[in-house]
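Construct the complete structure from the given sequences, taking the supplied hints into account.
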Amino acid sequence: MQGASDVGLIKEELDRILVCLEEWLPEGVSFLSWSYNVIPLRDRGADAYRVVITGVLRFKLFTYDFIAVAYVAMPSEDTASCVELELFISNGRRYTVRPEVVLDKCLKRLRGSY
30 MQGASDVGLI
40 KEELDRILVC
50 LEEWLPEGVS
60 FLSWSYNVIP
70 LRDRGADAYR
80 VVITGVLRFK
90 LFTYDFIAVA
100 YVAMPSEDTA
110 SCVELELFIS
120 NGRRYTVRPE
130 VVLDKCLKRL
140 RGSY
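Just so we're aligned: the sequence shown equals residues 30 to 143 in the numbering used here.
It should be emphasised that the hints constitute simulated quantities derived from the structure, not laboratory data. Given the structure is predicted, the values throughout are model-derived calculations rather than measurements. Think of the CB as a built atom: it goes at the ideal place given N, C-alpha and C, for glycine as much as any other residue. Possibly wrong hints are sitting among the right ones.
So the derived label-pair ranges between C-beta atoms look like this [claimed, not checked]:
(1) N120 - V36: 26 to 32 Å
(2) V36 - K89: 30 to 36 Å
(3) E106 - V85: 29 to 35 Å
(4) E56 - T108: 30 to 36 Å
(5) R127 - L61: 23 to 29 Å
(6) N120 - R140: 26 to 32 Å
(7) L70 - E129: 14 to 20 Å
(8) S34 - S119: 30 to 36 Å
(9) G141 - K89: 29 to 35 Å
(10) E56 - T125: 16 to 22 Å
This is the structure:
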């Protein structure tokens, strides 16, 4: 069941991922604003969510719209883990990221665990 605490944890985790993506993506990318639509999924009784993120980013001198689709698992009540994130930018670029693999060091730093 989707609770306010689940949504809060999911948003916090995805905020960290967007910060880490700014470091990982080509130089000059910065996320300016975004919003979330959290959709609960049922996966063999586990809590899982599809999150659609829409917003605006800057790449070098230009501003673009973006849509990202993230799949988030809740392995415990106080942990949200993004399994995969697909980022679509209105300039035609597309990125598929597995945050726990590609962004691991950055995410650990932002979570405060080294």
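Tested hints:
Between N120 and V36, the C-beta spacing of about 30 Å keeps the proposed range 26 to 32 Å intact. Judged by the Cβ atoms, the range 30 to 36 Å given for V36 and K89 holds: they are separated by roughly 33 Å. Taking 29 to 35 Å as the suggested C-beta distance range, the pair E106 and V85 conforms, at roughly 33 Å. Take E56 and T108: their Cβ atoms lie about 32 Å apart, and the range 30 to 36 Å holds.
One distance hint, 23 to 29 Å for the beta-carbon pair R127 and L61, holds here, with the actual separation near 25 Å. In this structure the supplied range 26 to 32 Å holds for N120 paired with R140, their Cβ-Cβ distance being about 31 Å. The hint said 14 to 20 Å for the Cβ distance between L70 and E129, and at roughly 18 Å that hint holds. The supplied range of 30 to 36 Å is met by S34 and S119, whose beta-carbon atoms lie about 33 Å from each other.
Range check, G141 to K89: about 32 Å between beta-carbon atoms, so the 29 to 35 Å window is met. Checked against the hint of 16 to 22 Å, the pair E56 and T125 passes, with Cβ atoms roughly 20 Å apart.
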